[in-house]
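*Asks:* The primary structure of each chain is shown beneath.
Number of protein chains: 2
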Amino acid sequence: MTDIMDGIDILISEVGPRDGLQSVDSIMPTDAKKAWIKAEADAGVREIEVGSFVPPKLLPQLADTGEIVEYARTIPGLQVAALVPNFKGAENAIKAGAHKITLPLSVSETHSQANLRKTHAQVLEEVEKIVALIKTIPEGDKPHFEGGLSTAFGCTLEGHVSQSKVIEMAEKLVALGCDEVGLADTTGYANPVQVKELVIGIWAAVGRDKLTGIHLHNTRGQGLANVMAALDVGLDTLDSSLGGIGGCPFAPGASGNIITEDLVFLLDSMGLKTGIDLEKLLAVRSTLAEAIPKEALYGFTPDAGLPKGYVQMVNGGAGWGRGD
Amino acid sequence: MTDIMDGIDILISEVGPRDGLQSVDSIMPTDAKKAWIKAEADAGVREIEVGSFVPPKLLPQLADTGEIVEYARTIPGLQVAALVPNFKGAENAIKAGAHKITLPLSVSETHSQANLRKTHAQVLEEVEKIVALIKTIPEGDKPHFEGGLSTAFGCTLEGHVSQSKVIEMAEKLVALGCDEVGLADTTGYANPVQVKELVIGIWAAVGRDKLTGIHLHNTRGQGLANVMAALDVGLDTLDSSLGGIGGCPFAPGASGNIITEDLVFLLDSMGLKTGIDLEKLLAVRSTLAEAIPKEALYGFTPDAGLPKGYVQMVNGGAGWGRGD
Chain B
1 MTDIMDGIDI LISEVGPRDG LQSVDSIMPT DAKKAWIKAE ADAGVREIEV
51 GSFVPPKLLP QLADTGEIVE YARTIPGLQV AALVPNFKGA ENAIKAGAHK
101 ITLPLSVSET HSQANLRKTH AQVLEEVEKI VALIKTIPEG DKPHFEGGLS
151 TAFGCTLEGH VSQSKVIEMA EKLVALGCDE VGLADTTGYA NPVQVKELVI
201 GIWAAVGRDK LTGIHLHNTR GQGLANVMAA LDVGLDTLDS SLGGIGGCPF
251 APGASGNIIT EDLVFLLDSM GLKTGIDLEK LLAVRSTLAE AIPKEALYGF
301 TPDAGLPKGY VQMVNGGAGW GRGD
Chain E
1 MTDIMDGIDI LISEVGPRDG LQSVDSIMPT DAKKAWIKAE ADAGVREIEV
51 GSFVPPKLLP QLADTGEIVE YARTIPGLQV AALVPNFKGA ENAIKAGAHK
101 ITLPLSVSET HSQANLRKTH AQVLEEVEKI VALIKTIPEG DKPHFEGGLS
151 TAFGCTLEGH VSQSKVIEMA EKLVALGCDE VGLADTTGYA NPVQVKELVI
201 GIWAAVGRDK LTGIHLHNTR GQGLANVMAA LDVGLDTLDS SLGGIGGCPF
251 APGASGNIIT EDLVFLLDSM GLKTGIDLEK LLAVRSTLAE AIPKEALYGF
301 TPDAGLPKGY VQMVNGGAGW GRGD
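Here the protein sequences come in this chain order: B and E. Going by the numbering used here, 312 is the number at position 312 of the first sequence; the sequence numbering is gapless. Going by the numbering used here, 269 is the number at position 269 of the second sequence; the sequence numbering is gapless.
One chain only, chain B, in its complex shape (with noise of 0.2 Å):
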């Protein structure tokens, strides 16, 4: 696979197939969801998250996680992710082939026991396990293990999460072996001055290269400034969920992943290349609605349009209105 940066500025990581679905009360047929992933790699997006290796009984919606998995890894150029709760589904996860695997950590130990009814040993003796099932695997066939840190802007159980806290957490996960952090707004409680902070006390434990995403909800509508503040300190990959759906059932009140729609407009009008065509990505939105009609979709641009007389990078623009 070519590097998944190449000719693009920013990385954008699709979760709706994971966090959008996982927190619906609809049941998208496997057929549904394939189409779906097929039609946003089609239009452009590079890498998508598109399940959860959690046991059928606690998240049936992603309960053909290992099939779309394997469907997904046919289309080509993607970068096929997953979620892993433990080992087990990380073996998962790798027997299917999945490019990137994450595993997350609650900062918030309170809300790691209440979504992964682990403790922070348990959770890092399972990464420690991963990390060794991963160095059997031949060079070229590993995937990319990130550990995610979630809550990491604090929690809707505990509240304030301290900084020192999701840093040292980041340095056990890289000690252990993770190729990557990432950082996750699981509650929607992140600010732009937090997430420049975070990132760089971050970057001073671990490395630059040890963080390049951030996970981010837009539970209290600052999703896209905080996003801003991602792009000023230097990150490259966000993730966003179509129509933003998701969100997460395990955070009370904590609904709502940024909008990839309007976070493509966003990122395409001030001109930063995203490799994503952004009317055709509005064209997926009737996929998702045909398939879950239940479910509300959000979106601002996708209400709105787009401006009048715009122009998309990907068809020749330069974002719009700069410079003249």
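Treat the hints as calculated values from the structure; they're not laboratory data. All values derive from a computational prediction rather than experimental measurement. You may find that some hints are simply not true.
When chains are identical, the list treats them as one kind, so a pair holds in a single copy or across two.
Restricting the straight-line Cα-Cα distance to at most 27 Å, the calculated cross-link-like pairs of lysine-lysine (DSS-like) are [to be verified]:
hint : residue 1 : residue 2
1    : Lys308    : Lys118
2    : Lys129    : Lys210
3    : Lys165    : Lys308
4    : Lys172    : Lys273
5    : Lys34     : Lys135
Please arrange chain E on chain B, whose structure you already have, making use of the hints.
*Replies:* Positioned in the frame of chain B, the structure of chain E alone reads:
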């Protein structure tokens, strides 16, 4: 009146009673408007655009603007702003006692003709007459006169609006004697790069003290991302609307001021002082909901509530989750 910026970093100018009410069908009773303005001032809002001196035939929702300005003037410490479409409106605003009057000039001439029914030359003539009128007023009683640059980031009728045209109009307004110009994203077309470029361009042309504020819409969900750019470049006055009501009835599809509640949360969480008590501000929504029950109120922070354990700056907080 003491300096309006004393003890705060950012001035929030509430425009709901003008930009909000002008774009909804409901007519808010005069007493409800007074209660709304009083309650926002009590929550710490220091500037409110309370109405527009347009003919009541055009905007019956704002027919009581004269009475509202007179009432708002009795609230200690509140800067009372009003929109004026022409010389006649400015005369009435000054008679009623407005501290600040804003005459909007649509940089898109097509929009100017649709919105104000005037060419640029005709608008500038009105500006000249208003400046002459203000010259006759004794020092200390003179209102602050702002020329508002509408459709500065693009127009729903013309599409692209060039930065050089915006700067040219800013120069003309200042040359004629406006105390200041204001930037307005009437159509929700702005992006953060454009915000920075345009502010810097106008500053270079007319001086930094001649542009301090921006009026942003959230039509495409980019409102707070654009606020980040405004803060970054150094603007210190931001327009917003409680409950996000409002927009421009003459620019099709261009609805939606940024939401005061979400904006205050953003600034407060970043450690920027606004002087506004967010809990009190959130309580004002019920006044609005009771007075215009048919109109939708927006706001993510009001829906989600403040983060667990969050302490506002006015109550001794220092931003959320920082430096620890």
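*Asks:* Which of the listed hints are not met by the structure?
*Replies:* 4 and 5
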